[in-house]
Amino acid sequence: MTDSLSVLTLFFFSIVVYSIPLLYGTVGEIMIEKSGSLNLGVEGTMAIGAVLGYIVGCRADSLFVGMMIAFISSALVGALFSFLTVTLQANQNVTGLTITTFGVALYYFIGNGLGNDWPQMGSAPRMVNSFSDMEIPLLSDIPGIGKIFFSHNIMVYIAVGIAVLCWIYLNTTTLGLELRAIGENPGAADSMGINIPLMKYIHIMVGSGIMGLGGLYMGLNMGGTFEGSNCWINGYGWISIALVIFVNWNPAMAVVGTFVFGFFNTLRVYSGSLASTFPGLLGWLGNIPAQFFSALPFIITLLILVVDSMRKNKKSGQPAAIGLNYYREDR
Amino acid sequence: MKRFLSLVAASVMAVTSIFAFAGCGATTEGSDSQSGSDFTVGAIYINSQNDTAGYTYAHHNGITTAMNDLGLDPATQLKIVDNVPEDDTAVANAIDQLAGQGCDIIFGISFGYLNAFNDKAAEYPDIAFSHATGYLSNDTNFNNYFGRIYQARYLAGIAAGYKTLELGNNNIGYVSAWGTEYAETCSGINAFALGAKAVNPDAVIHVNQISTWGDQEKERQAAEVLIDTYNCCVIAQHCDSAQPQIVAAEKGVFGCGYNSDMSEQAPAAHLTAPVWNWNVYYQLAMETVMNGKQIVPEIGNYYGGLTEGMVDISPLTGNCTPETAEAIDLARNLMVSGEWDVFSGTKLSFSGAAGSVTVTMNDEDLKTNDGTVIVAAGGPSVDDGVIQGSMNYYVEGVVAE
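Chain order of the listed sequences is G and R. Under this note's numbering, the first residue of the first sequence is numbered 1, with each subsequent residue one higher. Under this note's numbering, the first residue of the second sequence is numbered 1, with each subsequent residue one higher.
Just to be clear, a hint being listed does not mean it is correct.
[Stated by the list, open to error] Quick look at which bits of chain R chain G covers, simulated, 3 or more residues with Cβ under 8 Å:
no., segment
1, 47-61
2, 272-283
[Said to hold, decoys possible] In the EDC-like style, the derived pairs of lysine to aspartate or glutamate whose C-alpha atoms are separated by at most 20 Å in a straight line are:
no., chain 1, residue 1, chain 2, residue 2
3, R, Lys293, R, Asp82
4, R, Lys251, R, Glu287
5, G, Lys147, R, Glu250
6, G, Lys147, R, Asp38
7, R, Lys251, G, Asp3
8, R, Lys251, G, Asp308
9, R, Lys251, G, Glu184
[Claimed, not checked] Ranges between beta-carbon positions, derived for each pair:
no., chain 1, residue 1, chain 2, residue 2, range
10, R, Ala122, G, Leu97, 37 to 43 Å
11, R, Asn138, G, Gln291, 32 to 38 Å
12, R, Thr89, G, Leu175, 48 to 54 Å
13, G, Trp238, R, Ser337, 49 to 55 Å
14, R, Gly100, G, Leu302, 40 to 46 Å
15, G, Leu303, R, Ser337, 56 to 62 Å
16, G, Asp141, R, Leu167, 27 to 33 Å
It should be emphasised that the hints constitute simulated quantities derived from the structure, not laboratory data. Beta carbons are placed, not taken as given, at the ideal position from N, Cα and C, and that holds for glycine.
If we strip away everything but chain G, and leave its shape as in the complex, we get (with noise of 0.2 Å):
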């Protein structure tokens, strides 16, 4: 057994490189919703960024140019969900439903059609030397806090930095401002000459960009394997939606509603280590039955659903006009 301070350093470690794809997720879906498109496709939309972005990163040894595929190739799956939602009016939630079964559906359609072609990840030496742990100097060395936010591989900082820069362009920026706009009152907006088709195109692409580099970090994280029955996103893009409404639809509360998230997540694969490591103050742990750990960030979820329910006062950050189509005509 290894001293109690890195059982719990570990721990925490663990919630980060577990968690950050579910930031990823969270904060590109906060993009789409906040302009007024609630996209469900968030599981599909990971998994084909997370695919065609390992695939290329591989072949050209490359984590840049994997992750631009993956960005690129999530960004397309969105402007299809936008032709089909913004130009041709369709249903979001059935659409964003077909967007999942077809992403995760092309996947597998990849996986198994490339069978032995698969590439490993051993075969692109540079990606996985980029994707590694780098320790930030002097940050690092701080005892305990140092492993556990400022030695992880650039993929967490990029997630990080792609939440705080979301959360000063909606708050900050004209461009963010006009955005919210269309989410709480496209009509409105439509009145000031907001080009509303546009914004909502673009900003619905950056946000399935930003998913698809969670689905290639999540990939990554697990060694690039390609298991036939089980899909690498396994979830989390709907972990993600849920989270959305969990940090009420603020990309720099996403960081620490990913971590809470994630915390009770990772309790159980940990709760063995931390109970015998804290015999006293934490062996209770040990007692708790392996299921209810599973179901924990679930009731968590639905607990944060209902107080958010019964708060409705004004500092709720939902969109007035989320998952409703905008036809100028009916105005």
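Mind docking chain R on chain G? Use the hints.
Frame of chain G; chain R shown alone:
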């Protein structure tokens, strides 16, 4: 003209029906009734027939291998309904569909299919029904089948035990989908622990239970916890993906996979993996039905092990210590000859260097990890507990984390 046409049609129908009856007569008269060409096999899968790894893949591979060995053509003579959830109505519909396609035997591979199989076996008495991992059967056309995978687990445990001795570290990690809730997982853990302790009596098996059959992230994370916080030097697993082995390789420790030879995914870490040879049973079942015999009592409920070749371990890799192969052969011989089995009141103990490994048999209580005696010293094996589901405890040396 119309009358002439109907006359022609009627005579054609009459002639063909005579031939058809004659055909029927021929097949029922011949004692080795089914010639290979019209024998049809049905299969119901929980996942996709196109899987490239995992549980459904293992069964699909077993069925097609058996068919090829018997000279049957899987492309035309195998009817599959896949992605069937464990829901009675869905399974019943799949069976109806396969029965309509003229299947002579129908295999169902997932535990939750059992009730639908039980009902439909009574409805279609002329079709043989065979269900994996369940416990229901009847006296004529419905049996269940499983394998003594715990025997292979024991052998893998020996390989792990030698590795712990070599590394001077008694901590073994075990990533398990479930724990004592399922006899299937719990018996695997117990057999593995007994095998490891037969070599290294001080070995401790730390079990990290992830409570789901398929979740790669959790499998990876659980293996990381075992290595990082328990200092485990060998990682065994009872879960679908190769993530625990990949993590072991990344962290420079060793591991025993499951279901397939995971040397492919983790060449630097892998020792050996317990594997299934489902084709052994599938071939036996198909042959029995092709020969016009009833699946019960001809086969009955099937529970094959090392002796039948139903289970085995993948070839030992160069990561194993030199003594491993000899010790495994000794244990294997004892099991194949029926002289000894894993869950009995007799424990094996291996000693000696490579080239002169010896095994001794000591009568000792089989105890749970809280000290309850399951089998008194010298008592018979309780391997039935694995299929009857009564094994719901961990043996000595296992710690649930």
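Could you tell me which of the hints above the structure violates, numbers in ascending order? Those not satisfied are hints 2, 3, 4, 6, 8, 9.
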